[in-house]
Amino acid sequence: MSIPFSYNLRNLVVRKTTTIMTALGIALTVAVLLAILALVNGLRSTLSVSADPLHVLVLRKGSDSELVSVFTRGQFQDLKFKAGIATGRDGQPLASMEVVTMMILPSVDNPDGANLTMRGLDPVGIAMRRNVHLARGRWFRPGQRELVVGKFVADRFPAAQIGKMVHFGRGEWQIVGVFDAAGGAQNSEVWGDLFQVSSDLQRVDAVSSCLVTATDAVTARALVASLNDDQRLEVKAMLERDYYDQQTSAAEPIEYTGLIVALIMAVGSSFAAMNTMYAAVARRAREIGTLRVLGFSKGSILLSFLAESAALSALGGLLGCLLALPLNGITTSIGNSSFSETAFAFHVTPNIMLAGVVFAVVLGSVGGLFPARMASRKQILTALREG
Amino acid sequence: MFRYLPLVLKNCWRNRRRTILTVASIGISMCLLGVMIAMFHAFYMSDPSPDQALRLVTRNRVSFTVFIPRAYQVQMEHVPGVRAVTVANWFGGVYKDDRDPKNNFARFAIEPEKLFRIYGEYRIPEDQRKAFERDRAGCVVGRDLANLFHFQVGDRIPVTGSVFPGDYEFTVRGIFDSPRASEILYFNNEYLEQSLPEGRRGNVIMYYILIDDPAHSARIAKAIDALFANSTAQTKTESAQAFAVGFLALLGNVKMFLIGISAAVMFTVLLVSANTMAMSVRERGREVGILKTLGFAPGSILGMILGEACAISIAGGTIGYLVSTLLMRLVAKSPFGAYLPAFQPFELPVAVACVLTAAAIGVMSSLVPALSASRTSIVEALRSTD
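Protein chains in written order, with our numbering: chain A, 63 to 449; chain B, 34 to 419.
Same shape as in the complex, but just chain A:
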């Protein structure tokens, strides 16, 4: 027969100071773990929103980012009538030649200036990105030195507000609008007219890359294969999704460091939980003896103390979730492979909160194991005499 769980809960309530302090210790450990998971999760979801499964990105052979790639107008003429590329309402192929470069603006975090990805593209490129919508202002006009900035850029860079002028290339550019990419990485970019941007960079003929929309997901894969095999074009094509997956690798060092930190903290907190449970066992020696006299078996006492430890740490886990919740939605940034900022928001999901609570329960149970074993092994007579 097992000891009712309410016995354990009441015990936790009676020793509320100790309970709260131990639980808070566990909560902080869980909060650190959740913060790291939320950060990595946020970055992953930002990058996955950015990619359209139908999009194929075409770079120069050997390049692994748009920034170092070179793509010529000649290549574009050969490429845009390839089979498998969808056509827009006007009957033109959905293929967008783009130039990608960097610009520097002072941001909230880096007053000395942080790098931003600057993209020059034609209206077809905007239309192809279905997650991007104009939030404020208007789009840039062809042939004008006008820029439209992503939502995160507008939030994080005081200089990037509608109506302001910024210096880039060979002149001053006016910011005329803000677009929202529904949480995608494009929110960290600045967009302008393809011709104007590339002529300011003196690379009108040799732009950076080309983005095409395939008619369907299967064709997209076939298109990637046929472009890569085309000896004449000499390009490297990949699904936009794979491209963004590659970019997530930036999060790996943070993820590993965070997990190691959380693990070390977990060992520390499980020792603390062990301390609390040993104290609980010591204080309740006579109670344990009484329970044994009443006929509860050794096993049920072991289980009861384990359950108490698990309940204590589950409380800690829940508190940890509460501590980590305010992080949800806070934006931060990370350097991507082209050394510019990608901003994203912490993403605290039910899944990772569950992971946090499970983590807490595991560490609490490990900490409670030895004290519970000690409690179950007490001799009835000595236990009754103690305390």
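What the hints contain is simulated information worked out from the structure, not anything from laboratory work. Don't take every hint at face value.
[To be verified] With a cut-off of at most 20 Å between alpha-carbon atoms, the simulated EDC-like pairs for lysine to aspartate or glutamate come out as follows:
hint : chain 1 : residue 1 : chain 2 : residue 2
1    : A       : K123      : B       : D130
2    : B       : K129      : A       : D126
3    : B       : K288      : A       : E317
4    : A       : K123      : B       : E202
5    : B       : K135      : A       : D126
6    : B       : K135      : A       : E314
7    : B       : K288      : A       : D126
8    : A       : K298      : B       : D200
Starting from the structure of chain A, add chain B where the hints point.
Here is chain B on its own, set in the frame of chain A:
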């Protein structure tokens, strides 16, 4: 004050299991804190090593990924205080299979005759250095890299370019020793220049500069940037140390990361220690009453309990610090270590910071139980059970 030390220590040791668990718990958390403090110190507070203090790095103001002209070099060499300038092109490229992170070691195109002058701390046999200067397709590799791939002098290393297109093959002409992590390969920039198409020549990603005196570094950096302030490619010159920190900052907000984790760890330690002290004082109610009956003043009792907490947390802090120095050694050896500024295994400020933090945590955690114990009346204390 120290009269009561034996009593304090005896008190620490009376519930051995609890003390050991607490010390272990604090020690583990403090070793994390030790690593954080050491990193913070290395990044933001330490003096650069003597050879590093003499180096500046110049790059395009916008980004590493935008070039600056080769023509700048001559002008830079004429700035007063500049001793030597070398091109340093981060080459990137792919060795074997780039999906294995091991293969992504750093590769730089430099000017061989200047490399070992600017990096005075590199040690290389004289004949190997000369062989490297003579062979246009030659390269030198760091000892760590040589050990990793078992490279030997005379081996050929094929690399396919990414930033700079083309297939390259370097012959190992020498292996150098460096006090820092050295998973790095240097090859002749001339080889790169000659392999590039006409239109892409004469571009430089970075310049490494050797200066005459660390005290002049700010002035020289300013003078160099002023030279090109009105050109299309503006430069940014900074000390090698600031450059390393800036490079790391690209990974994210490192400072916030370090401070956030340190705060969480410190608060956890505080809770653990406070919990232990509360438990141990609660058990001792009657004993405190007896001490008071014997004539111990409230102040002495306060001091004894605070001392006990401090002793436990300082023990944990010291153990934690010692473990953290071992951890830092591991961090320095990891590939990540190449981005870290050089640091010593023992830094007095770091050690002092760790132990002081531990002591402060001890005092803070036991203040409440200690005050209440010293304030309870004798009768009350004697009556308490448990």
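To see whether the hints hold, each was checked on the structure:
Between K123(A) and D130(B) the CA atoms are separated by roughly 16 Å; this keeps the pair inside 20 Å, and the hint holds. Between K129(B) and D126(A) the alpha-carbon distance is near 15 Å, which keeps this suggested pair within the 20 Å criterion. Pair hint K288(B) plus E317(A) holds up; C-alpha atoms about 16 Å apart against a cutoff of 20 Å. About 19 Å separates the Cα atoms of K123(A) and E202(B), which keeps this hinted pair within 20 Å; it holds.
Restraint check for K135(B) and D126(A): the C-alpha separation of about 18 Å stays at or below 20 Å, so the hint holds. The suggested pairing of K135(B) with E314(A) holds, with an alpha-carbon distance near 15 Å, which does not exceed 20 Å. Taken as a hint, the K288(B) and D126(A) pair is broken in the structure, with Cα atoms around 29 Å apart against an allowance of 20 Å. Simply put, K298(A) and D200(B) have alpha-carbon atoms about 16 Å apart, close enough for the 20 Å limit, and the pair holds.
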